[in-house]
Amino acid sequence: MSDLPSGFESFSASRKSAFLEVQKIAETQPIVGTFCTFVPRELILAAGAAPISLCSGNDEVIAAAETDLPVNFCPLVKSSYGFAKTGKCPHFHFAKLIVGETTCDGKKKMFEYMGQGKPVHVIHLPQMTDEESVAFLANEFRKFARRLEEIFSVTITDEMVAKQISLVNDERRALQDVYRLAKSDPPLLSGKELFVMFNTFTTSIGHEAKLASARVLKEQYSSRPAGAGPRPKRILLTGSPITKATVKVIDAIESAGGSVVYIEGCVGSRPNELLVDEKNPDVYDVLARKYIKIACSCMTPNDGRLQTIGEKIDEYHVDGVVDMGLVACHTFNAESTLLREYVTKTKSTPFIHVETDYSQADFGQLSTRLSAFLEML
Amino acid sequence: MIYSLGVDAGSRYTKFALMSGDKILDLRMAPSGWNTKELAQEIADELCQKHGISRSDLRITATGYGRVAVEADSAVTEITCHALGVHYLNPDVRTVIDIGGQDSKVIVCDADGSVVDFIMNDKCAAGTGKFLEMMLETLGATFATLDDVVRDAVPIRITSTCAVFAESEVIGLRAKGADRAEILAGVVAATADKAAGLSARVRVADTVCFSGGLASSEAVRAALAERLGREVVTAPEAQYAGAIGAAVKGGMG
Ligand code: SF4
Ligand code: SF4
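As they're listed, the protein sequences go chains C and W.
FYI, the numbering for the first sequence is 1 to 377, going by this note's numbering.
FYI, the numbering for the second sequence is 1 to 253, going by this note's numbering.
Don't read these hints as lab results, they were simulated from the structure.
All values reported here derive from a predicted model rather than from experimental measurement.
We put the beta carbon where it would ideally sit given N, CA and C, even for glycine.
It is possible that some hints are incorrect.
As a list, the in silico DSSO-like pairs of lysine-lysine whose alpha-carbon atoms are at most 30 Å apart [what the hints assert, rightly or not]:
no., chain 1, residue 1, chain 2, residue 2
1, C, Lys210, C, Lys183
2, W, Lys37, C, Lys248
3, W, Lys130, C, Lys248
4, C, Lys85, C, Lys16
5, C, Lys248, C, Lys16
With the C-beta cut set under 7 Å, the calculated list includes, among others, these residues of chain C facing chain W [what the hints assert, rightly or not]:
no., residue
6, Ser348
7, Arg369
8, Ser371
9, Ala372
10, Glu375
11, Leu377
So the derived label-pair ranges between C-beta atoms look like this [as the list claims (entries may be wrong)]:
no., chain 1, residue 1, chain 2, residue 2, range
12, W, Arg203, C, Arg180, 33 to 39 Å
13, C, Lys279, W, Asp110, 49 to 55 Å
14, C, Thr337, W, Asp110, 18 to 24 Å
Generate the whole structure from the sequences, applying the supplied hints.
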């Protein structure tokens with residue numbers, strides 16, 4: 001028990017059991033904590049480690065984070081850092097390495113603080129998507145592989161990476177099989193169910209287990225009777241990552257009679273829509289090509305996001321687009337104006353931007369806005 | 001005969017509009033108090049009695065901040081209702097600026113009064129009725145006399161729109177001996193600025209209707225028209241726009 005955090009005894013029963021569960025996994029396989037979908041899980045897996053997402057969606061640790069970080073940082077950064085600082089996140093606690101990336105300024109600075117207590121490797125992300133940037137990212141991925149080799153005393157061969165590329169692609173395909181069921185009209189699964197699935201996958205470990213649970217979900221949802229009653233308004237949700245603390249946006253939409261049929265987000269379809277090319281033997285190059293296409297607002301320009309949203313509006317027969325920006329997430333909030341133009345003008349689809357944080361105080365306001373938006377459709 | 005009662009449960013006042021078909025039979029307003037549900041029931045009973053309506057012939061549609069608390073046949077957001085209500089009062093209007101107690105909104109609607117686009121202030125109270133009320137209180141003035149006090153006064157610029165900071169700014173101006181009427185005119189200007197700033201994010205049509213709790217102030221209306229560079233109209237019943245819209249909605253089907 002000695003490797004449990006000092007505050008362990010004071011934790012709630014569910015948090016205690018989460019710690020014990022992760023401890024068990026950590027005994028057989030080193031855990032690598034990640035915060036962003038730009039981090040290539042394939043390389044971590046090739047090193048024999050288990051990648052696990054740490055973005056903790058909860059406001060209970062924000063006050064602790066604010067003693068080191070500015071109050072007007074985005075809640076995602078504050079919550080992630082707060083969990084690390086207070087020792088309340090089991091994944092962070094047992095992680096042997098934390099992988100950072102230079103997405104936004106808040107995260108860059110957070111990783112510097114985190115590095116004081118744990119080994120942190122920061123991947124330098126390019127900010128554009130041209131050929132030079134692809135080469136740059138491929139090189140960053142090579143450097144990351146070297147660091148993994150060092151820490152875990154392994155050798156990562158190209159064959160090992162290629163094998164993981166194909167396994168992770170399988171996982172993405174399995175997820176696609178489930179989330180694409182929402183194309184049916186009325187949808188076979190709700191946005192809340194989509195969220196739970198995506199969220200579970202970012203914090204779970206084990207290839208076979210993931211495939212199996214995707215299969216179960218697919219069976220469960222596809223055997224549902226085609227919905228009767230009024231057809232819900234079909235919503236595409238996009239913006240900053242949706243976490244447990246901001247799932248209130250989905251709740252507000254769905255309790256007002258809408259249905260989120262597509263989540264264009266990092267806990268969502270954004271990392272799963274594109275596969276890594278399995279035919280090209282230059283594994284670092286293909287990884288860079290796939291990851292650089294993640295349509296995050298930290299890239300400039302980020303036309304890929306508009307393009308994806310445009311395609312999905314058609315494929316999923318979307319009635320309206322909801323863009324959720326976290327308070328102080330400058331890049332997503334700034335991109336909103338561009339997105340609004342594109343969605344309303346080019347795609348003739350109604351659009352609303354809402355800003356929120358990890359507190360639950362604004363639920364009433366959110367729900368008025370989103371209900372009014374649905375009434376408008 | 002089916003009668004439609006619209007109940008607009010605002011943060012400060014609850015407004016009622018009783019309609020029969022296209023006709024408004026009665027308008028009422030009462031402080032929301034603690035128990036909106038009871039208040040709504042009381043007034044509904046009263047109106048039924050007054051107009052000789054049997055309760056079973058009354059369809060209640062609730063809207064506003066407290067719409068879920070009201071026992072109604074259906075609940076519709078204030079956005080949809082304000083658009084319908086203003087459209088009822090003035091079918092030429094395509095943009096509604098509503099400044100309520102807690103929030104401000106700008107609503108763009110089409111020729112049928114259906115909402116095409118809207119925007120609401122975020123969590124903060126800047127530019128809302130609450131903001132104005134706090135400033136009035138600080139300056140020992142009332143909303144009822146606001147128009148008289150600020151008439152012909154040259155506004156002093158209030159630089160802060162946060163309700164809390166603006167209050168200290170106003171206190172500071174007072175301490176420096178600034179004229180009360182001029183500070184108040186500045187507060188009116190700041191309120192209009194904030195609403196105009198909000199409307200910059202949607203496509204504002206030529207004729208704008210000002211509704212909500214502050215609509216009865218000519219000074220605020222005029223300041224808004226100046227900021228927007230457009231004609232801003234209002235109606236004597238503009239305060240009831242939400243309730244009227246709810247009644248219209250309830251009478252639709
Ligand atoms: S939104 Fe951008 S920075 Fe955040 S997890 Fe996704 S890719 Fe990473
Ligand atoms: S939500 Fe925005 S500000 Fe926050 S970490 Fe992600 S990119 Fe950075």
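Comparing the hints with the structure gives:
no.	hint	in the structure
1	C:Lys210 with C:Lys183	holds (22 Å)
2	W:Lys37 with C:Lys248	holds (26 Å)
3	W:Lys130 with C:Lys248	holds (27 Å)
4	C:Lys85 with C:Lys16	holds (17 Å)
5	C:Lys248 with C:Lys16	holds (26 Å)
6	Ser348	violated (12 Å)
7	Arg369	holds (6 Å)
8	Ser371	holds (5 Å)
9	Ala372	holds (4 Å)
10	Glu375	holds (5 Å)
11	Leu377	violated (10 Å)
12	W:Arg203 with C:Arg180: 33 to 39 Å	holds (36 Å)
13	C:Lys279 with W:Asp110: 49 to 55 Å	holds (52 Å)
14	C:Thr337 with W:Asp110: 18 to 24 Å	holds (23 Å)
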